[in-house]
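Chemist: Chain by chain, the residues:
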Amino acid sequence: MSFAKSKFKHKSLPVNDLGLTYREYEGAISTLCAGCGHDSISAAIVHACHELSIAPHSIAKMSGIGCSSKAPNYFLRNAHGFNSVHGRMPSVTTGANLANKELTYLAMSGDGDSASIGLGQFAHVVRRQLNMVYMVANNGVYGLTKGQLAATSDKGVKNKIGDLSLFNDIDLCTMALQLGASFVARCFSGDKAQLVPIIKAAIAHQGFAFIDIISPCVTFNNHVGSTRSYDYVQEHVTTGAVTDFVPIREEITSAIPEGDFEDICLHDGSIMRFHKLDPDYDTSNRLKAMNDVEEHKQRGEILTGLLYLDPTARNYHELNDTSDMPLNQVKQDLLCPGERVLGTINDSFR
Amino acid sequence: MKKTDVSNYDHYLKVVDCQQACPAHTPVPEYIRLIADKRYSDAYMLNWHSNVFPGVLGRVCDRPCEPACRRGRVEEEPVAICRLKRVTADFKDDITDRLPKAPEEGNGKRIALIGAGPASLTVARDLLPLGYHISLFDRDQRGGGMMRSQIPAFRLPETVLDEEIDYILNMGVESHFGSAITSMHKLLKENYDAIFVGTGAPKGRALNLPGYEAAKQQISIGIDWLANVSFGHNDKAPKRVVVLGGGNTAMDCCRTAKRLGAEDVKVIVRSSYAAMKASPWEKEDAKAEDIDIIVNHTPTEFVVEKGKLKGVMFDEVESFYDRGGNRVLKNTGKTLLAECDLVLVAIGQDTSFVWIERDIGLDFNDWDQPCLNETTLQSSIDKVFFGGDAAYGPENIITAVAHGHKAAISIDLFCQGKEPTQRPKSDFNLISQKMGMHEWSYTNIIDHDERNLVPHISWQEAVKKLATEVELGFDEQLALEEAGRCLNCDVHTIFTESTCIECSACEDICPTDCINFIGDIKDNITPPQQLLKGKLKVDKATDEQDYLISDNLNTGNIMVKDEDMCLHCGLCAERCPTGAWDMQKLTLSNIEATIK
Chain S
-8 MSFAKSKFKH KSLPVNDLGL TYREYEGAIS TLCAGCGHDS ISAAIVHACH ELSIAPHSIA
52 KMSGIGCSSK APNYFLRNAH GFNSVHGRMP SVTTGANLAN KELTYLAMSG DGDSASIGLG
112 QFAHVVRRQL NMVYMVANNG VYGLTKGQLA ATSDKGVKNK IGDLSLFNDI DLCTMALQLG
172 ASFVARCFSG DKAQLVPIIK AAIAHQGFAF IDIISPCVTF NNHVGSTRSY DYVQEHVTTG
232 AVTDFVPIRE EITSAIPEGD FEDICLHDGS IMRFHKLDPD YDTSNRLKAM NDVEEHKQRG
292 EILTGLLYLD PTARNYHELN DTSDMPLNQV KQDLLCPGER VLGTINDSFR
Chain Y
83 MKKTDVSNYD HYLKVVDCQQ ACPAHTPVPE YIRLIADKRY SDAYMLNWHS NVFPGVLGRV
143 CDRPCEPACR RGRVEEEPVA ICRLKRVTAD FKDDITDRLP KAPEEGNGKR IALIGAGPAS
203 LTVARDLLPL GYHISLFDRD QRGGGMMRSQ IPAFRLPETV LDEEIDYILN MGVESHFGSA
263 ITSMHKLLKE NYDAIFVGTG APKGRALNLP GYEAAKQQIS IGIDWLANVS FGHNDKAPKR
323 VVVLGGGNTA MDCCRTAKRL GAEDVKVIVR SSYAAMKASP WEKEDAKAED IDIIVNHTPT
383 EFVVEKGKLK GVMFDEVESF YDRGGNRVLK NTGKTLLAEC DLVLVAIGQD TSFVWIERDI
443 GLDFNDWDQP CLNETTLQSS IDKVFFGGDA AYGPENIITA VAHGHKAAIS IDLFCQGKEP
503 TQRPKSDFNL ISQKMGMHEW SYTNIIDHDE RNLVPHISWQ EAVKKLATEV ELGFDEQLAL
563 EEAGRCLNCD VHTIFTESTC IECSACEDIC PTDCINFIGD IKDNITPPQQ LLKGKLKVDK
623 ATDEQDYLIS DNLNTGNIMV KDEDMCLHCG LCAERCPTGA WDMQKLTLSN IEATIK
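Protein chains in written order, with the working numbering: chain S, -8 to 341; chain Y, 83 to 678.
All the given hints hold, so there is nothing to weed out.
One-sided and incomplete, this derived list gives chain Y residues near chain S with beta-carbon spacing under 10 Å: (1) M519; (2) E584; (3) D595; (4) D644; (5) L649.
Taking beta-carbon pairs under 10 Å as the criterion, some of the chain Y residues facing chain S (in silico): (6) A587; (7) D590; (8) K619; (9) N636.
Simulated crosslink set (DSS-like; lysine-lysine; CA at most 27 Å straight-line): (10) Y:K667 with Y:K678; (11) Y:K516 with S:K0; (12) Y:K622 with S:K(-4); (13) Y:K619 with S:K2; (14) Y:K617 with S:K267; (15) S:K2 with Y:K622; (16) Y:K516 with S:K(-2); (17) S:K61 with S:K0; (18) S:K(-4) with Y:K96; (19) S:K2 with Y:K617; (20) Y:K84 with Y:K678; (21) Y:K617 with S:K(-4).
Note that these hints are calculated values from the structure, not bench results. Computed from a predicted model, the values in this text were never measured in an experiment. The beta carbon of each residue, even a glycine, is placed where N, CA and C say it ideally should be.
Turn these sequences into a full structure, and let the hints steer you where they fit.
Modeler: Okay, here's the thing in structure tokens:
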């Protein structure tokens, strides 16, 4: 029985600006099922954070309940983390974010955690434009409780034991677009070439970044007839543009061939470069993005890639003028400024 | 890209670095696992079948397996393979009833083996159970060849050597010790169906510098001097000894001299310390015994005073490599007189075929070596075969053993009237090691411990007596710890395209980033090394291993695994949801026939 991954690593592994290899960004060995899409997401997060040279201790991993929400244990072993009540991760993250906006908030949720029990919380955190990366590992079933259909399952599909999905599905990307998220993407866990740059861009984006990640449940939703199986997704996945992320400070040596590309400059100066596969592709039009998602769905395709981006949108901190200083650094004299200040405040109400 | 050809054992044998590097292709990981199971006799027999002298080689082998060991690529030091081989010999039970026996009725074929060194003894061992009659000739009184005459007892105890030679002699060899063969012409007329020449490289090179004639009483050829010590003709060394040369013979000479009473022993060598031919551990052991190794000095003269040797005069040199990669020596102008009472010359040795007449049809090349077919070791006289140092000049014991196996196959084919170049096939088998969801029949957890050092006795104690063995060998606990370091490279990662669903779980879990799923490259001609540069997660660390390249998968992508850094930990197979990866143990049948 293997409960540990060897410490030995490839001798020519690249190191980032902090002198770390990606192995220093890993977590505990996964106890999810072998072949779980969530493990690929974990690996993509590991690589994205390593490539961005983020110090692991400046990241907070937030999650709720479910297979997806176990996953933060399997990446960034030296980051902070909070495994919250089912569906309540957005509230906890809001609180944490208010207390310390210097941390990078990486949230992992699932279709049950976000589209069922936590739907209300999800809707409001989008509205609030909280500065965070909200990832949903979306496999269409409740894997942890043995494969019941989730609210994101397509209407008319059957789960592994043959139960039919009777109700309309919830498309979290469409919801996020409708509620005003400033960064919305859909990815496939099996395509790291797409997923890693999008996670990097989501981290660089100052505002609410939502990524819905189709992540097949290899145990309960990988059968013939499922629309979330590896085979089905690989066959039906389509993308509007190949994405590359160029961090600030770095020379643009994009893997994308010269020619038909478009650059979007993010808040921090980094650049997202798109090589358009679909000439009609446009990330600045929210209504069109919602329309594209639905159109592809009707054609039986899964549209992936960055769907919408507004790098200029104001986020929660800007809207509320929150404290720049993390609360744990606020000294007593600032927190309790004394009788004279209290008097001034009281006077203002007279 | 072109899928890796795995229809024969070549790719798999290459992955097992140690086994591939061993001239006799000893199944190293398998015997190390047997040690870990405390099955020492089984481990010994597995060794014995392929390398014939596990007790001897476990002490004095050149160990080509160790620099090849995968462990040296993923961390610093290889597994102490050689010393684990000794463990099998040290801890085994009586194995005599497990040795093959010659059939009561022979096949009527008679084979003459000339020289009783490792090559000839291997031929004897391979052919006796097949019913051949073996006549073994050696000029010395006892068998073993250079293993006895050139390797001192403090490195290889006589009892160990005798035991392993006797296993073979007792199978029914008709031995003629103390009888030198002086004419191949005469031998060919005798009633032998085949003749094997395993006479080694018995002629030490002399150094004829000015003063040699006057001083020659006090100048000896290293290997001759060692042989005299070994056979008891010489048991004293003068006070001051200078050894010329930097190979293993020089190391044996200096250490032997120390044990025979010499107080001031110097090894003086033309090359730099790093470029000395002796094995690193031999150099270290000599230094530990307070022997002075003086490098970058080339001898110019034997200085004689009053008709007696005073010492050897040296020029100090600088060595560097020219553009063509050749070593060039340049005098610095400084000289050195090393005063001494005895000079031992250990600057190389050669084969000696004065006893083979040149008009009998046996062809020699320009370097006075026999012309041989490399596959069969057959000479231009079809019933005469060569092996060991006699075949291509000085090598080492394990190469001699490999030659012995090769020649035995050739002789057997030849005596059956078959063509020796038509080599027998060796087959391979891959058996799944899966025992359960996350259980394997081998220990797949990687041991991160450093290499264990073999205990030595103190050098002050060691140099007191010639026969005191310096290395004590691993005790059981150390042996088991060291055995645990083996990465089980013979348990292969086997990939089945048809079951892969491309979930990338294996790619993510692999600790050493060996596994890659990439778009196919439509090019079957350019070497993979070139095509894949920059395309994989991490570029190849070394060129020691190849890639394992799959066929196109469902999406058209291909799987490319770099065999270089694989730890054989089996995590890819554990994380694979469909069993597209499996860990399967390689077994080669008829290993002797894989020796090329």
